[in-house]
Amino acid sequence: MNLGSIIESGFKEIWAHWFRSLLTMFGIILGVASLVTMSAFVKGKENLLRDSLAESGGLERIIVDDNDDLPDYQKHLEDEANGMTLKDVYALQKNAPLVYNVTPVIEKRSYRGSLRVSRKSKRVRYASVKGTWPSLLEIEEHELEHGRVFSDPDDLLANTVCIIGTQIRNDLFGEYDNQGEEIIPIGEKIMINYIPFRIIGMFKQYMSEEDRKKKEEARAAGQTVARRDYRSSYMSGDRQSHTTMRIYSGKNSTIMLPLNTLVSKLDSSYDRGSNMDRSLSKVAMNIYDVSTLEKSLQQVRNVLMQTHKGLEDFDFQTQEGFAGDIALSIQNERISGMFIAGICLLVGGIGIVNIMLSSISERVREIGIRKSVGATNMDVFLQILTESIVISVAGGIAGVIVSPILVNTLASFADDTTPPVMTAFAMAVAFGFSVMIGSMAGLFPAIKAAKLDPIQALRYD
Amino acid sequence: MPLLELRDIHKTYHLGGETIRALDGVSLDIDSGEFISIIGPSGSGKSTLMHILGCLDSPTSGTINLDGMMIHDASPRQLAAIRNKKIGFVFQFFNLLPKLTVRQNVELPMIYSGLSSKERRERAMNSLSSVNMEDRSKHRPSQLSGGQQQRAAIARALVNDPRIIFADEPTGNLDSNTGVLILEMFDKLHKEGRTVMIVTHDPEIAAVTPRRIEIRDGKIANEIDPKLAADVPKFDQVTDIKSQKIPDMTS
Chain B
351 MNLGSIIESG
361 FKEIWAHWFR
371 SLLTMFGIIL
381 GVASLVTMSA
391 FVKGKENLLR
401 DSLAESGGLE
411 RIIVDDNDDL
421 PDYQKHLEDE
431 ANGMTLKDVY
441 ALQKNAPLVY
451 NVTPVIEKRS
461 YRGSLRVSRK
471 SKRVRYASVK
481 GTWPSLLEIE
491 EHELEHGRVF
501 SDPDDLLANT
511 VCIIGTQIRN
521 DLFGEYDNQG
531 EEIIPIGEKI
541 MINYIPFRII
551 GMFKQYMSEE
561 DRKKKEEARA
571 AGQTVARRDY
581 RSSYMSGDRQ
591 SHTTMRIYSG
601 KNSTIMLPLN
611 TLVSKLDSSY
621 DRGSNMDRSL
631 SKVAMNIYDV
641 STLEKSLQQV
651 RNVLMQTHKG
661 LEDFDFQTQE
671 GFAGDIALSI
681 QNERISGMFI
691 AGICLLVGGI
701 GIVNIMLSSI
711 SERVREIGIR
721 KSVGATNMDV
731 FLQILTESIV
741 ISVAGGIAGV
751 IVSPILVNTL
761 ASFADDTTPP
771 VMTAFAMAVA
781 FGFSVMIGSM
791 AGLFPAIKAA
801 KLDPIQALRY
811 D
Chain L
517 MPLLELRDIH
527 KTYHLGGETI
537 RALDGVSLDI
547 DSGEFISIIG
557 PSGSGKSTLM
567 HILGCLDSPT
577 SGTINLDGMM
587 IHDASPRQLA
597 AIRNKKIGFV
607 FQFFNLLPKL
617 TVRQNVELPM
627 IYSGLSSKER
637 RERAMNSLSS
647 VNMEDRSKHR
657 PSQLSGGQQQ
667 RAAIARALVN
677 DPRIIFADEP
687 TGNLDSNTGV
697 LILEMFDKLH
707 KEGRTVMIVT
717 HDPEIAAVTP
727 RRIEIRDGKI
737 ANEIDPKLAA
747 DVPKFDQVTD
757 IKSQKIPDMT
767 S
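Top to bottom, those sequences are chains B and L. According to the working numbering, the first sequence is numbered sequentially starting from 351. According to the working numbering, the second sequence is numbered sequentially starting from 517.
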């Protein structure tokens, strides 16, 4: 018996019981679809996390910030701990050759009314106001699209100038004017804690590739594009823009001022001590090469232990930990998702075993007849195995076809989840699994059928 | 050399601690072109004998030589090949596959001998026309009468040109008229030179064959062989008797 006629008879048999076969296939279809769906959601999350990692400055960034919690053996020196100051910045610039762009940052957030950013009657709900040096742009991978960066004289003179993110613009000016042109508020004044600041620059709008494409398409189509801040998109239920905006919104809600401006105009504790002792929120810097991360950290640590009189009141934040966390959490989700989807497939496989067993017990006589006209045990074995493989292959193909529908349906139910990303690889793996499970499910019934005694089988009613 | 040569065939079953001797030392020679019936009451071992002759079963002891091959200790795979190429079966309940058409049923043995679909079709149609069933080739078995189904089964048995045809109670599920037609068909096959063996419990049916072997308690109890004795009723006489007995329903 050649393979062609075996497969043909497999199809015939399945077609003869198309409804039963379809029900059996459903197990496999759902298993494959859930495997693909699971992987799509995990992949979507992974992409989002990796994007946000890249957006916040990649692996070359080190941040040193205060740590009030001294080690036990230094607790009694708590009063001596000053936290990070400009002294540290200058010391690092001079004495830590493995790092560059050492930049002081004082950050104030206008989240719970501590800082008020407003223009006329409009007020920004959330803004991250950073007093810093221009080198922070490089560290945080900001791109200036309009205007200029503040200069050394701006810093020296504590000029009330600022660079804003597009979200601040959206909140205070709106995104588009009546003609549908983008508003570029360079030279306009905004109020930060009732002090007027002149906008001298604006960052580009940070958004995911997907959103950028959508936006360009919409612009090309000549439509008036709705405001794309995440609150409004949340209200309107625009899932894609909402979720992707969320990671970028922090970056889009930045206001950057010269360090001295922030200290002299916005810091209420200005008159306490000299500028050099002013405590910083953090010190950010770049390393030249990711492979020298450990050495660089040690170098920075050595310098800081000197300037901090041996007190360990600082902490390192590296992106490496973040990257590791991402990898770990993705792996965990992938394993648990695989496990659940694998169980789905297994249940589908058991469904095939079940149906094949009941199918052969219905067909004992047929098997007897086939054997009496010369079918070998192998022929019968292959016939039953082929049927279960055909069911699982058809189920696998259908599952792969159905999975995009399932993914989109689930995604539309869950507004604030990350947008899923389907990969051909996941589909191939899911399909391969389904075929494997189908073949294994067919083995036992096929062996059982092949072992039937032809005489008993012919007598069977 | 005979087509089939049985020497001292034993077959025992073990059923719940009890040993059943289904065949107890059967020796038999069947020549090519013979028309034989095996007769015996149920439980006599005649079916077991046919299963062993038909390579569906293996004897516990003894030797069988079919067409120069020792089949008593052949592997299941070899037995399947012998069933496929050298043996044709006709059963009491026709045993056609209900899901297949008549032609596909007739093609079934050829699928297992690996013939191309074109050749299968040709030979199936030839075989069907030899039993006057070519116009029913696209029907399903359930759409046919019992006699037609049995003719389709005969066509299937013939399709691989076997050395011997075994018919197990071939008329047992048919009315007498149709039964006679089927028996005539076997007689025709015999006259064409084929070897045919009918297994039955009915002496009237056995009477159509020149050679009759009676099995009782697993042994050959009685044998009528035209080679040994000439006083055997001819087939025509038997049908005469049968047609007298059965009133003609059509007139």
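Some clues are possibly wrong.
[Unchecked claim] Straight-line Cα separation of at most 30 Å, DSS-like style, residue types lysine-lysine; simulated pairs: (1) L:Lys602 <-> B:Lys798; (2) B:Lys362 <-> L:Lys707; (3) B:Lys798 <-> L:Lys615; (4) L:Lys634 <-> B:Lys458; (5) B:Lys395 <-> B:Lys362; (6) B:Lys801 <-> L:Lys704; (7) B:Lys362 <-> L:Lys704; (8) L:Lys735 <-> B:Lys362; (9) B:Lys798 <-> L:Lys601; (10) B:Lys395 <-> B:Lys659.
[To be verified] Using C-beta positions, here's what the derived DEER-type ranges look like: (11) L:Tyr529 <-> B:Phe794: 24 to 30 Å; (12) L:Thr576 <-> B:Trp365: 52 to 58 Å; (13) B:Ile693 <-> L:Gly559: 33 to 39 Å; (14) L:Tyr529 <-> B:Ile755: 33 to 39 Å; (15) B:Ala774 <-> L:Tyr529: 39 to 45 Å; (16) B:Leu696 <-> L:Arg679: 27 to 33 Å; (17) L:Asp677 <-> B:Glu712: 29 to 35 Å.
[As the list claims (entries may be wrong)] Covered by chain L, according to a simulated footprint, are these stretches of chain B (three or more residues, beta-carbon under 8 Å): (18) 637–644; (19) 725–737.
These aren't lab readings, by the way, just hints derived from the structure by calculation. Small disclaimer: the values here were computed from a predicted structure and weren't measured. The C-beta atom is built at its ideal place from N, Cα and C for all residues, glycine as well.
Do the hints match the structure? See the list:
1. For the proposed pair lysine 602 of chain L and lysine 798 of chain B, the alpha carbon gap of about 27 Å is at most 30 Å, so the pair holds.
2. Between lysine 362 of chain B and lysine 707 of chain L, the direct Cα distance comes to roughly 39 Å. Violation of the 30 Å bound is thereby established for this hinted pair.
3. The suggested pairing of lysine 798 of chain B with lysine 615 of chain L holds, with an alpha-carbon distance near 22 Å, which does not exceed 30 Å.
4. For the hint pairing lysine 634 of chain L with lysine 458 of chain B, the CA-to-CA distance comes to about 86 Å; that exceeds 30 Å, so the pair is violated.
5. Of the pairs offered as hints, the one joining lysine 395 of chain B and lysine 362 of chain B is violated, with about 44 Å between alpha carbons and a cut-off of 30 Å exceeded.
6. For the given pair, lysine 801 of chain B sits about 37 Å from lysine 704 of chain L by alpha-carbon distance, which is inconsistent with the 30 Å threshold.
7. Our distance criterion of 30 Å between C-alpha atoms is broken by lysine 362 of chain B and lysine 704 of chain L, whose separation comes to about 36 Å.
8. For the suggested pair lysine 735 of chain L and lysine 362 of chain B, the alpha carbons sit about 46 Å apart, so the restraint of at most 30 Å is broken.
9. Only pairs whose Cα atoms come within 30 Å are accepted, and lysine 798 of chain B paired with lysine 601 of chain L is accepted, the gap being roughly 25 Å.
10. This hinted pair does not check out: lysine 395 of chain B and lysine 659 of chain B have alpha carbons roughly 44 Å apart, beyond 30 Å.
11. Between tyrosine 529 of chain L and phenylalanine 794 of chain B the beta carbon distance is about 28 Å. The supplied range of 24 to 30 Å therefore holds.
12. Checked against the hint of 52 to 58 Å, the C-beta distance between threonine 576 of chain L and tryptophan 365 of chain B comes to roughly 44 Å, which is inconsistent with it.
13. Taken as a hint, the range 33 to 39 Å is violated for the pair isoleucine 693 of chain B and glycine 559 of chain L, whose Cβ atoms sit roughly 53 Å apart.
14. The given range of 33 to 39 Å is broken by tyrosine 529 of chain L and isoleucine 755 of chain B, whose C-beta atoms sit roughly 59 Å from each other.
15. At about 59 Å, the CB distance of alanine 774 of chain B to tyrosine 529 of chain L disagrees with the hint of 39 to 45 Å.
16. For the pair leucine 696 of chain B and arginine 679 of chain L, the beta carbons lie near 50 Å from each other, so the given range of 27 to 33 Å is not met.
17. In this structure the hint that aspartate 677 of chain L and glutamate 712 of chain B lie 29 to 35 Å apart at CB holds, the actual value being about 33 Å.
18. For a cut-off of 8 Å, the count of residues in the region 637–644 of chain B with a CB near a CB of chain L stands at 0, and the three-residue condition is violated.
19. Residues of the region 725–737 of chain B lying with their CB closer than 8 Å to a CB of chain L number 5, which satisfies the three-residue condition for coverage.
Checked against the numbered hints given earlier, the structure breaks hints 2, 4, 5, 6, 7, 8, 10, 12, 13, 14, 15, 16, 18 and satisfies all the rest.
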